[in-house]
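Read top to bottom, the protein sequences are chains A and B.
Mapping to full-length UniProt numbering: the first sequence position 97 is 97, numbers consecutive.
Mapping to full-length UniProt numbering: the second sequence position 188 is 188, numbers consecutive.
Hints are supplied without guarantee of correctness; some may be wrong.
Stated by the list, open to error - Derived pair list, reagent style DMTMM-like, types lysine to aspartate or glutamate, alpha-carbon separation capped at 20 angstroms:
no., chain 1, residue 1, chain 2, residue 2
1, B, K25, B, D15
2, B, K271, A, D172
3, B, K180, A, E198
4, B, K180, A, E284
5, A, K146, A, E167
Think of the hints as simulated: they come from the structure by calculation, not from any bench.
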Amino acid sequence: MTAHWTFKTSQPLNAAIALAQTYLPNMPHAAAQGVPTAVRRGAHVQVDGVQHRYPGMAQNCLEHLNFQVESGQIVALVGRSGCGKSTLLHLIAGLMQPGAGGVYIDGNRVRSTCPRWVVMFQAPSLFPWMTVSQNAALGLRFAGRKAEIQRRIPALLEMVGLTAFAERNVQDLSGGQQQRVALARSLATQPDLLLLDEPFSALDAFTRRALQQDVRRIAKDLGLTVVLVTHDITEAAIMADRALIMAPDPGRIVTDTMLDPGPDRHRDSPAFEAERARLATLFEATA
Amino acid sequence: MTDAAYTQSGTARADAQDARMAALKGWARSVAIGTLGLGILGALWALGGWYIAQTPGMRAFSQLAPVPTFERLWVMIQRGEIWSMSAPSLYRVGWGLGVAIVIGVPMGILIGRLPWLRDLSNAPFQLLRMISPLSWMPIAVMAFATWDSAIIFLIVVAAVWPIMFATAAGVRRIDPAWLKVSRNLGANPLHQLVYVILPAIAQDILTGIRLALGIAWVVLVPAEYLGVSSGLGFAINDARDSLDYARLGATVLVIGVIGYALDSLCLLAIKRFSWLRSDT
């Protein structure tokens, strides 16, 4: 699929390539020529027999979850509200521990959070007393990698199209721009796994579509593994290589399907519409 | 530059100029209203002085009127008495407030973060808070070796509560998502304290300090009636004992002016550290 990916000569993409060339080791020269090449190996995720129940609840909110996410794959967790998608994402992130079973990233049991895997939440939750640059650099600061801030943050802000806003307070930005800052912040520590918890659901349609495409491009260019939680079928079709459809009471995976919405994933193309319709039918039948 | 760019640039300049003019007008209005308020206060003071001068049984206090007070104040300024009487008081308030901050801020953060500690401490702290600081005077005199220490203790007892409770309230209002995001980005508890909690509650802490300063400044004068021979409270007492009412009036004025200046400094600090756009 990656081989068919059409790279437009957009500013964010060129910036992503420049970022990869400059800061990621062993960046193949092909990437500099616009050839789609994963420069890092994304994380491998294994969810093994996970069950979970919140305190005081009579029933498990997640039950018998078993699946793997291959390195560099973008997987959408699709389901209706309350089916446990976000809970599952929090378990993968190490923000919570499952009642039974375990989550393994590259073979290691997840017991806490780690800068190697970061979550982008529905709200950008930026720190309003900081500038755009300071927000984006926070993960590096926490990791004690302050020397990298001066080199990495300008390139990241260029990648998300916010160079001109670097020294502005984040309260001056629109919702879409704030979510771009959150994306830059998530990518600053060079994670292997990006966990997206409905990060575009609060945005207007135009901004949402632009960000969906940009995040997919950036993730593919950097070779990231992505797990996306969404209840938007179109979003799943635009962004994901594979969809896991979840049903509620208790939350479980009922359908696992690969997505092939055409080479450019253009919303108006017949291939995209057919794949979106197939996913919608599966969703209606099972979720 | 194109015509459109020139137009845009001109519009931006005009907007900035309008904003500056609006800010200037707002400042001028604020100064005018403040001056009017002080004028009304001065008029009431003059009226009171005139009434005292006209009342046979109160003529001994006529030196408290504005003119004798300002004449005496001018003499005190020329002699350097203002600084010599204010410096010990500022030293005691500074120490008392500093100790109250050192105790109140960490305790407030702990109370805000730990529900069990909040439950445990609520009843005893509310009970202690409601005791007038001045009622600790006899105990302070017995417990501390120096008068200065006893006065500082009374200021601490008065100032610690607003700082502690304002800090705790600020911590409880912190958006939980900020803590979740910071943890997700690899923050340890010290990172969370320095980069999230303290900046998030800075304006709450400063508001608590502002309230505490007001209370400390009020408690200071009666506290300095204790055995000390310096400070504004001593000066008031001394002026009363020597029946120098013009000096007493001038000292009261000095207390008010210094208190107002300290409060204005706190307000500036709150504005400086406030990150809410509606507050700036």
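Verification of the hints:
no. : hint            : result
1   : B:K25 x B:D15   : holds (15 angstroms)
2   : B:K271 x A:D172 : holds (18 angstroms)
3   : B:K180 x A:E198 : holds (16 angstroms)
4   : B:K180 x A:E284 : violated (33 angstroms)
5   : A:K146 x A:E167 : holds (18 angstroms)
When the structure is compared with the earlier hints, a violation turns up for hint 4 alone.
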